[in-house]
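Asker: Chains A and B, in that order, give the protein sequences. Heads up, the first sequence is in my numbering, so the first residue is 228 and it goes up one at a time. Heads up, the second sequence is in my numbering, so the first residue is 228 and it goes up one at a time.
Worth flagging that the hints you see were computed from the coordinates, not collected in a lab. Do not rely on the hints blindly, as some may be mistaken.
Identical chains blur together in the list; that is why a pair holds if it fits in one copy or across any two.
Unchecked claim - When the alpha-carbon atoms are kept at most 30 Å apart in a straight line, the in silico DSS-like pairs for lysine-lysine are as follows:
hint: 1; residue 1: 527; residue 2: 313
hint: 2; residue 1: 457; residue 2: 313
hint: 3; residue 1: 470; residue 2: 457
hint: 4; residue 1: 400; residue 2: 325
hint: 5; residue 1: 381; residue 2: 457
hint: 6; residue 1: 325; residue 2: 313
hint: 7; residue 1: 470; residue 2: 400
hint: 8; residue 1: 313; residue 2: 400
Note that this is a predicted model, so its numbers are computed, not measured.
Protein chains: 2
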Amino acid sequence: MRHILVSCTLLAAAPALADPLPSWNDTEAKNRIVTFVETVTDPASSDYVTPSERIAVFDNDGTLWAEQPVYFQLIFALDRLADLAKEDPSVLSSDTLKAAAEGDLQTVVQGGEEALIEVVNASHSGSSVDDFQTAVAAWLETARHPDTGLPYDKMTYQPMVELLRYLRDEQFKTYIVSGGGIHFMRVFAERAYGIPPEQILGTYGNSDYTEVEGVPTIVKAPGIAFVDDKAGKPVNIDRTIGKRPIIAGGNSDGDFAMLEWSTAGDGPRLGLIVHHTDAQREWAYDRDSHVGRLVDGLDKGPDMGWLIVDMAKDWSRVYTGKQ
Amino acid sequence: MRHILVSCTLLAAAPALADPLPSWNDTEAKNRIVTFVETVTDPASSDYVTPSERIAVFDNDGTLWAEQPVYFQLIFALDRLADLAKEDPSVLSSDTLKAAAEGDLQTVVQGGEEALIEVVNASHSGSSVDDFQTAVAAWLETARHPDTGLPYDKMTYQPMVELLRYLRDEQFKTYIVSGGGIHFMRVFAERAYGIPPEQILGTYGNSDYTEVEGVPTIVKAPGIAFVDDKAGKPVNIDRTIGKRPIIAGGNSDGDFAMLEWSTAGDGPRLGLIVHHTDAQREWAYDRDSHVGRLVDGLDKGPDMGWLIVDMAKDWSRVYTGKQ
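One chain only, chain A, in its complex shape:
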């Protein structure tokens, strides 16, 4: 028999409840987000949602961090090819790969999907997951964005980082559901967004289970096994999470199906689109963009009750890495 005595007295002079979203201006967007969260977490509300169903999913490129002039992972791929070629020039076995290693993005993009897959295979396969992630981490340390001069993982959106934290504080489970690669994102997502590896869904390549120097190891193989984009997003969420999210955020038509499926569920739902309207602090693009093309979300989203976040108007600050 043990006796336990616990006694505690807390006397705290607390400030008025802190603003959970300080980088959001006091506009309708912020109001709608806070009202939604307060409603679904209020046990007295008829729209109360039990914590286990508080699933929030977000795209990454263009939603949680920037995606111009091209997806950052593609820039990594080119840099990595150049690195690999330094050790073994024979990896540059085609004109496309030679152009890629020279940073000639235009040639790669003009080569279409075939060229992109060639670049991804050459830069993303042939090493263990651990070694690949070590290379990503090293790249993030040194690479700088051509326009902002910032490390890429400082080009995360401060308002969205605050939103993720706010949701977790309100017992939401936050997930990334991105067209980006899982092994790439997992290197920085926990530090940058507070989202652990097991809550990161994305595109993935083939893998081999094999021995490397006698140690059982997962090795990244050529070929893409699953593309986490468009209808692939709800399918992947169903497979991996097994619940229909009550909050979904994206920025492009690649996210349309995810928002559509999430907000079609019963009860309160929040669909959110980050609209890139800020040519001063970030970029302004939507319908005609080669990256993050947004047509359906603008045409149909508002009628479906989705919140279109106007970056220029609704955010007082953009990047985590720049005030």
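Based on these hints, arrange chain B on the given structure of chain A.
Answerer: Leaving out everything else, chain B in the frame of chain A:
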């Protein structure tokens, strides 16, 4: 400014710490499990593991619940085929399917993989995930095991349910990684094991994202997209969890790669095999079994430091549903 005053006094007469594994006999197996958990959760230990890395993965069939005379999901498949045929006899479009709907397991098994896939396609596709799961739930309510007379979800192993709870109490995240189907397992796993849908990895079929009566819906389609068995298990864990587990439990050679990969990581690791040795209370089978065949685990496991759990000797109770 708000003032918050919180005062609490707890005076409790607590019993000596309760045994976390009451259905395990006081044998070496229990001792090894408890010692491992106490070591990795002790901040003063050199083998301390931070909570975020406390990942524990378990096979389901034969590890967390029984799997004789055949996988329970196959029995469900046959019953479901019979149900579907009542509404529309044309679903029984082959001799294999006719035999299956009559419960003629032998004909199905003799037909090999082709027959199995035919049965799975006919019984597991063509409906929404929601409707499929409603059917599974209804089946679990009424179906009874031919030998024990128990509902299938009462043939979970009480010692393993206790182990899962114990691990979660010690801040482990517990996962299922099974050859069984994700949509099937998720119907009962949270209630039976305390494992939520997002921590259930398994085999899955193709899915279509489509509209059903105007509502965006995931519909189960014919064809198997991923088989979560053998090398597929570590590959799936890497894709979905993104961490190498520190505890892995299984019962057959289909789990060998998962245990091998998990226990090959740095630091303390626990591999555990449930050895079916109990012909009195359950079944006794290993090397020659058509279900849950276990050869490599017995031959190589002990040398790799894996714990071979002797069901007859190490468990004081078997089923959750029977004392």
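Asker: Give me the numbers of the hints this structure contradicts, sorted from smallest to largest.
Answerer: 1, 2, 4 and 8
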